[in-house]
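Student: Protein chains in written order, with my numbering: chain R, 1 to 313; chain E, 1001 to 1313; chain H, 2001 to 2313; chain B, 3001 to 3313.
Hints in this document: simulated from the structure, not taken from any laboratory.
Glycine included, every Cβ here is placed at the ideal spot set by N, Cα and C.
The reader is advised that the hints may include incorrect statements.
Take a look, some chain R residues computed to stay more than 12 Å from chain B by CB distance [stated by the list, open to error]:
| id | residue |
| --- | --- |
| 1 | F16 |
| 2 | C57 |
| 3 | F146 |
Listed next, the in silico EDC-like pairs over lysine to aspartate or glutamate satisfying Cα-Cα at most 20 Å (straight line) [what the hints assert, rightly or not]:
| id | chain 1 | residue 1 | chain 2 | residue 2 |
| --- | --- | --- | --- | --- |
| 4 | B | K3290 | B | D3033 |
| 5 | H | K2310 | H | E2126 |
| 6 | E | K1310 | H | D2022 |
| 7 | E | K1081 | H | D2022 |
| 8 | B | K3310 | R | D23 |
| 9 | B | K3311 | B | E3287 |
| 10 | E | K1081 | H | E2126 |
| 11 | H | K2185 | H | D2022 |
| 12 | E | K1012 | H | E2151 |
| 13 | H | K2185 | H | E2226 |
| 14 | R | K310 | R | E126 |
| 15 | R | K311 | R | E115 |
| 16 | H | K2012 | E | D1113 |
| 17 | R | K11 | B | E3161 |
Number of protein chains: 4
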Amino acid sequence: MPNKNLKEDLKKVNQFKISEEDDILDLIESFSDTGFNAKRLASACEIYRDMVNEQECIKFFGLAGALVPAGMQGIVHDFVKEGFIDILVTTGANLTHDIAETLGFHHLQGDLDTERHDDVKLHNQEMNRIYDVFLPNKVYEGIEDFVSQLEIPNNNMPVSEFLHYLGSKLPDNPNSILKICAEKKIPIFCPAFTDSGLAMQIGFHHQNINLNHFKDMLSMVNLAWEAKKAGVCIVGGGVPKNFILQSLQFCPNAASYAIQITMDRPEPGGLSGATLREAISWGKVNENAKYSTVIADATIALPLIYLYLKKIC
Amino acid sequence: MPNKNLKEDLKKVNQFKISEEDDILDLIESFSDTGFNAKRLASACEIYRDMVNEQECIKFFGLAGALVPAGMQGIVHDFVKEGFIDILVTTGANLTHDIAETLGFHHLQGDLDTERHDDVKLHNQEMNRIYDVFLPNKVYEGIEDFVSQLEIPNNNMPVSEFLHYLGSKLPDNPNSILKICAEKKIPIFCPAFTDSGLAMQIGFHHQNINLNHFKDMLSMVNLAWEAKKAGVCIVGGGVPKNFILQSLQFCPNAASYAIQITMDRPEPGGLSGATLREAISWGKVNENAKYSTVIADATIALPLIYLYLKKIC
Amino acid sequence: MPNKNLKEDLKKVNQFKISEEDDILDLIESFSDTGFNAKRLASACEIYRDMVNEQECIKFFGLAGALVPAGMQGIVHDFVKEGFIDILVTTGANLTHDIAETLGFHHLQGDLDTERHDDVKLHNQEMNRIYDVFLPNKVYEGIEDFVSQLEIPNNNMPVSEFLHYLGSKLPDNPNSILKICAEKKIPIFCPAFTDSGLAMQIGFHHQNINLNHFKDMLSMVNLAWEAKKAGVCIVGGGVPKNFILQSLQFCPNAASYAIQITMDRPEPGGLSGATLREAISWGKVNENAKYSTVIADATIALPLIYLYLKKIC
Amino acid sequence: MPNKNLKEDLKKVNQFKISEEDDILDLIESFSDTGFNAKRLASACEIYRDMVNEQECIKFFGLAGALVPAGMQGIVHDFVKEGFIDILVTTGANLTHDIAETLGFHHLQGDLDTERHDDVKLHNQEMNRIYDVFLPNKVYEGIEDFVSQLEIPNNNMPVSEFLHYLGSKLPDNPNSILKICAEKKIPIFCPAFTDSGLAMQIGFHHQNINLNHFKDMLSMVNLAWEAKKAGVCIVGGGVPKNFILQSLQFCPNAASYAIQITMDRPEPGGLSGATLREAISWGKVNENAKYSTVIADATIALPLIYLYLKKIC
C-alpha cells in the first residue's frame, strides 16, 4: 500500500510522446511510467531483462496456445537460441506443429474474418482450422512418415528425453523448437504429451511405448530444487503454467521473477487466469518477487519482448 | 444462412414473463426463444437432454477448471451417478481436490472480494488460495498419508485403471467423483496427471511408478471408434477438451451433439476458446451436429443444467 | 483480511447436492456457501433482497447492453412493476428497441451459430443484426410513424420528462419499459440519448428540439443527495454505470448496496469493468457496503435474480 | 470463402524472424503474414495507412476508455496534430482528464498490482482510483476554478462548439486534445457529455446551460452524408462507437475502412464487442470494406499504430 503522504510518494503518469525516430526501446521506456497493460508490458520487459542479466537465474518458460500455427515458431526458437529460456514446458500441440513446419510442411493463412470460414467446406477439403489458420490433413501424413520410421531407443524413457531424441532426428531448420532444444540440451517438458496428434501417431506406430511422465515430474522438481534463483515466463496458461508453478514450490526461494502473458482472467477461478499474486500464497512465487501479468495476445506481446531483449541484453 | 424470405421464416424473439410459480424448466423453456447466452444455455440443456434420452449415445464429459474447490464436487458426482456421463476426462487438480474432500478435508471460503486477500499473510498461515477459496497446506499431509500407504498394483498400469484403483481405496463418500466412477466403472481419463499435487505425492512415494499414458490414449480412441453416436460436454476447455476431440476424429460419425460451457473465447487462437464449429473442419464434430457454446461460469451453468436434466429426463 | 487463526474462522465450502424438487431458492441458497461466480450470484440475490426489504433504500438500476433485443424486455418491465427499481438509467438503444416492441414490432431470432450469418445478404434483405438477433429495417419505419406524429410539449424539457411523455403516448403493452416507468412515475434517465436510432428520428422530425441533458444530470444528483440509503444494480456497465456512480458521490452515505452483472473486466482500465471496490476510493460506494460483481451474461443472471426476488420478497 | 483448390490459393503462414536491427515497420510487416491478433494488428496498421493516404477519406475516430489517465493523452493529441483524425468522438471522462492534465495537474501511478490497493485508505486520502492510476480529488478543485470562471457564449450552443470554446480557453499544452482540436478545427463530439465530472461542474456553476446535443447528432449525420469515402477507427467501443456507426448509415457508401481496438467480445451481445462484420448488415460498414478488429489493450496497440503511421506516411 502507498505510504501516508501519497502526494509526495507517487510518480506522475507520463504523458509521453513518440517521435518518428523512436524504436522499441524508447516505446517500452515510455510505457514504464504509464498505466494499464502498456505499463505491465514495460514491466514484463524489464523483469525479463533482469532474469537474463542475472547469471544464476534459471528461466522457466511455459508455452501454451497455438503459437506455432500463428507464425511464432521462429521467435520461440530464438528465445531458446539466445539463452532466454533454460527450461521449456509446452503442449503436445505446439510440438506437433513444430514438427510439421520442421519437416517442411506449412500452416496456411485463412481469412482474417473468421466468420467467412465455412467449416463444412473446409472439412470436405481436408483443411483443419485453428482460428484463422489452416493445417491441411496431408501434413499429418508427413508427420506419420517421420514418426513411423523412428526407432524408439527406450520405450520407458522420460518424455523429455524422447523429445530430445525427436529433435536430434529432425532435419536442420532455422525455426525448429525441438531441434534447438536438442542441440542446446535445453530440457523440454510436455506433461500432457498424449494429448496431441504427434503422440497419437507415435502410439499407433509404436504400441509398446510407455514414456515415463513421472520421471519428468521429478526431474522438474529437481531443477527447481537446485535453482538458486528462479524466473518464470508464462505464455497463455494451461498445463505448462501449473507444471512450472507446482515445481517451484520446491525451489528454495520460489520464483524471484514472474511474467505472465495471457488473455485469461481470474474470475472463473481456473489456474490459467489466476494472478501471479495468488501464487505467493502457495509459495510458488516469492513474496518479494517482481511480477507482471500482461493481458495481451502473445502473438503481439512475445515478439515485442523478444525485440526488446535483443536490443538491450 | 436464412432463406430468401426472412420475414416469413424467422421466429420472433420471445419477450417472456416469469411468474412466481415458475421453476427451472419454465425458465429454460422461455430462454429457448430469446438470444445471446440465455438462448445458448437453453439450447445446451436441450442438447444434453437429447444425449441422455438417446440410448446409444456415448456421453463424453471434459472437466477442466477448479470446480471441486468451488463446491461442485457433488454435482459432478451426481452427473456420473445419474448416468449423464459415460466417459470422464479431467485434470489432476480436480482429482487432487476430490481426494481431499473424500478423505474428509475441506476447502474453505475466502472473501468474496479477492482484492482483500493478502497472499503473503496467507502464505505465512499455510493457506493456498484458489481465487476466493482456500486450501490449507495440511490437507496435502492428509493426502500424503493416504498416498504413501497405497500399494500400487502395477507400476505400468494405465492412468485410468490406476484412478479406478484409487477410487476403490477411498472411503465411502456421497460426493466423491473418483469413488462413483470406480463403482460404476465409468472410465476416467487424466492425460496430464503428473501436472498435479496428487501425482507429485504418488511420484515421491512410489519412485518406480510409470503409469501408462499411451494406453489411455489408445483406449480413448477405441471408445470413440466404437461409439455409434457420440455426444460431448466440455466444461472449461483445456486438456480434457482436446483429448476428447482428438479421439472423436476416430468416431465413425464424429460428435452428433456438442456442448461447451466456458469463459474462454476464440480470438486468442487457443483450443479452449475455439468454437465448436471450428471442430467441424477437423471432423471432430459432425456437420449436422447440434451444438451450443455457452459463455458462462460453469459454477452457475452446470448446476442449472443438472437441475434441468433431473426434472425432465 | 481473515483473522489470525484462519482454521477456526473460515467456513467450509459447501459441496452441495441438488434434488429434483429443488427450486431457484434452494439453488441460490446452496450457491451462497460455494465459490467463484456461483457464490457471487447468490450474494447478488441476497443483496438485492436486502435492498428491496429496506424501506428507505433508493434502488438505482443501470441498464446497458442490448437486453430488449435478447428478449429481456418483460423482465425489466417487471423489475419496475414490482418496485425493484426506483430510478432507471439506460441507453438510447434499449429505448429504441422498447418502442419497437411496444408498437407491435418484433425482433427476430437468427442462428445460434453466428458464424453462419452472411451480413451482406442480411444487408440486402434489410435485416440489421444484433449478434444472433435481427431487427428488420421496416421496424424503423414504424417507429418513424410514431415519432413524426408526436407533438413535443416543450423543446427544452429534460430528457427524462420527455421519456415519460413518450411512455404516456405509447399504446398499452404488458412489457413496455417506457410505459411502466411513465405510469409509475419512475424516473428514467438516458444521458446518451442522441446516441440512438430513436433520437435520430426525433431530431429529423423535430428540428427545434433541444432536450435538456443538464437538468437531468442535476436531478440525478438531487435524487442521490436525498437518498438516506442507496442501492445500485449495474447491468453491463457503460454510461448508465458511470451516470449512477457519479451521482452517488453526492449521496450522503454513498451506496450501501451494490450489484454488478457484467462480462467486462478491470484489466483494460475502462469503467465498465472496474470493480465495485474501486468505487469506494471515489466515495461512490460506502466502505461498509455489501457488494458483489457477477461475471455473467445478464440474459442468464437477471431472470434468475428476478425469480429469486419474486419468490422471497 | 476460399476457392475450391485451397492448396494453391492460400498463402503460407510466415514463420518470421526478428533481428536486432528491426524496427516497428519490420515487425508489422512480419505480422501481416501470420495469424491471430498479430495479423489483425498488422492489418489495422495497413488499413489506417490507406485511410491516411487516401486524400478524400474522412477519418472518424471513436475514443472510449480511460486513455488519458493511462498516459495516452499525447498520442491522441498527435493523432489529431498529424492529420490522422478528421472527426473525434469521445467520452466526457477523457475530456475531464484532458482538462486536468492541460491545466497542469497530473494523474499518479498506483501499484502495478491492483490487489495491493486499499480503496478505503485511498478514499480517506482523497485519491480516486482508475485501475492502477490515481486522480487526487484536489484536481477537481482545479478544474472547478477553470470552469467557474468561464463565460458561456451561448447556453444553447451545440456541445461540439462548446468543446472548441473550451479548447480555446485552455492554456497552451503540447498534449491537450481539446486544445489541438480547437486549433485545427477538428470537430469533437461527446454525445454523453453530462456523464462526466467536467459536465457536472459546468452544470453546477452555469445553471442555465442547455448545450444542444441534437444539433451535434445532425451535424454528425451531415459529416457522414458529405463524406465521399469514410474510414473509422474505434478504440474501446461504447457510445463513441455507436455514435459514429449510426451516422455512417447516412454515408453514401458506408465506411470503406474500419478498425477496432478493443478487449470486448461479441458473445454478450453489446455493441462494444460486436464485430465490424455485423455492421455490414446495418449498412454502416461497406460490404467491400477493409476491416480489422484487434483484441488488444489500446494502451499497447494505439502507440504501435501511431509509430507505424509516423514512419510510413
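Student: Hint by hint, note whether the structure agrees.
Tutor: Status of each hint after checking the structure:
Once the 12 Å rule is applied to beta carbons, F16(R) is inconsistent with being away from chain B; the minimum gap is 6 Å. Listed as a non-interface residue, C57(R) keeps its Cβ farther than 12 Å from every Cβ of chain B; the least gap is roughly 20 Å. The claim that F146(R) lies off the interface holds: its Cβ sits roughly 18 Å from the closest Cβ of chain B, which is beyond the 12 Å cut-off. Only pairs whose Cα atoms come within 20 Å are accepted, and K3290(B) paired with D3033(B) is accepted, the gap being roughly 16 Å.
As the CA atoms of K2310(H) and E2126(H) are separated by approximately 40 Å, the hinted pair breaks the 20 Å bound. In summary, the hint linking K1310(E) to D2022(H) is supported, as the alpha carbons are separated by about 10 Å, within the 20 Å threshold. Restraint check for K1081(E) and D2022(H): satisfied, since their Cα atoms lie roughly 18 Å apart, inside the 20 Å limit. A threshold of 20 Å between alpha carbons decides the hint, and for K3310(B) with D23(R) the separation of about 12 Å falls inside it, so the pair holds.
Simply put, K3311(B) and E3287(B) have alpha-carbon atoms about 30 Å apart, too far for the 20 Å limit, and the pair is violated. Taken as a hint, the K1081(E) and E2126(H) pair is broken in the structure, with Cα atoms around 50 Å apart against an allowance of 20 Å. Using a Cα cut-off of 20 Å, the hinted pair K2185(H) and D2022(H) is violated, with the two alpha carbons roughly 37 Å apart. A hinted pair counts as satisfied when its Cα atoms are at most 20 Å apart, and K1012(E) with E2151(H) does not qualify at roughly 31 Å.
Distance restraint check for K2185(H) and E2226(H): the Cα-Cα separation of roughly 17 Å lies within the 20 Å cut-off, and the hinted pair is therefore satisfied. Restraint check: the Cα-Cα separation between K310(R) and E126(R) comes to about 40 Å, which exceeds 20 Å; the hinted pair is violated. Between K311(R) and E115(R) the CA atoms are separated by roughly 39 Å; this puts the pair beyond 20 Å, and the hint is violated. Proposed proximity of K2012(H) and D1113(E) is supported: the alpha carbons are some 17 Å apart, at most 20 Å.
The straight-line distance between the Cα atoms of K11(R) and E3161(B) is roughly 35 Å, outside the 20 Å bound, and the hint therefore fails.
Checked against the numbered hints listed earlier, the structure breaks hints 1, 5, 9, 10, 11, 12, 14, 15 and 17; every other hint is satisfied.
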